[in-house]
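Sequence order for the protein chains is A and B.
The numbering used here numbers the first residue of the first sequence as 1 and each following residue consecutively.
The numbering used here numbers the first residue of the second sequence as 1 and each following residue consecutively.
Worth flagging that the hints you see were computed from the coordinates, not collected in a lab.
Any given hint might turn out to be false.
Copies of the same chain look alike in the list, so a pair counts if it works inside one copy or between any two.
[Claimed, not checked] Calculated lysine to any residue pairs in the SDA-like style (CA-CA distance at most 20 Å, straight line):
(1) Lys29 / Glu83
(2) Lys52 / Leu128
(3) Lys122 / Pro13
(4) Lys114 / Gln34
Protein chains: 2
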Amino acid sequence: MIGRLNHVAIAVPDLDAATAQYRDTLGAKVGAPQDEPDHGVTVVFIELPNTKIELLHPLGEGSPIAGFLEKNPSGGIHHICYEVEDILEARDRLTASGARVLGSGEPKIGAHGKPVLFLHPKDFTGTLVELEQV
Amino acid sequence: MIGRLNHVAIAVPDLDAATAQYRDTLGAKVGAPQDEPDHGVTVVFIELPNTKIELLHPLGEGSPIAGFLEKNPSGGIHHICYEVEDILEARDRLTASGARVLGSGEPKIGAHGKPVLFLHPKDFTGTLVELEQV
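Chain A on its own, in the form it takes in the complex:
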């Protein structure tokens, strides 16, 4: 069911410093910061040859990653995203297995403009998993 690893998302307390570290120290291909007001984050995409790293920083009030950064002031890996072909089929298979989908259970349009769902970390090896329909 799951396909490619679409991205690993890392929440960071200082977006400029993290961007510089990936660009200058690690020599990676790093994009410009993109504000995603609907998702409460500013994102910097790091393009690796086989997948992406997304650096996330809170944007505006009530950002979904503000609490995570309070608990992890140095930052940390926030979630991983797997691609699926049919997100409704994936959701139904997951909920039938007992996994909980966060929020209303209906896919939302994610930061890449595609339908996404998040699964409850307690049901997935302590890992926040995003599924994105591609």
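The hints should help you fit chain B onto chain A, whose structure is shown.
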């Protein structure tokens, strides 16, 4: 400098349950458990089309992931691994930038039989980063 994302490593409290979840619920291609006594872990590799997930479970006394699982009893993402062409060049560039390399600072042979180093999470956005020479 960094190339492909070689793997994402997830520490899990119950290797059988996590393996079944990835195989049966997520429909991923999952290998057999491999004991790595030199590294204090049993590993299950999950082959995605573009990278790997490694499920890690403690093996023997003094496993390097035992403390992580005490702090994160549901499990969680333990580290991410980037490929580099020349690990000594990578190390020298990183230490020149102020990043700390864990342990002696000399590469060790990792679970894939290749030279690896780990970087201090506090110097890398709260993320434990492994570098593997490929």
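Right, here's what the structure says about each hint:
Taking the shortest Cα distances, Lys29 and Glu83 sit within 20 Å of each other only across copies (14 Å), while inside one copy they are farther apart (22 Å). In this assembly of identical chains, Lys52 and Leu128 lie within 20 Å of each other by CA distance both inside one copy and across copies; the values are 17 Å within and 17 Å between. Taking identical chains as interchangeable, the C-alpha atoms of Lys122 and Pro13 lie at most 20 Å apart only when they sit on different chains, with a minimum of 12 Å there against 25 Å within one chain. With identical chains, the CA atoms of Lys114 and Gln34 are at most 20 Å apart within one copy only, with a shortest distance of 17 Å there and 37 Å across copies.
Violated hints for the displayed structure: none, as all numbered hints are satisfied.
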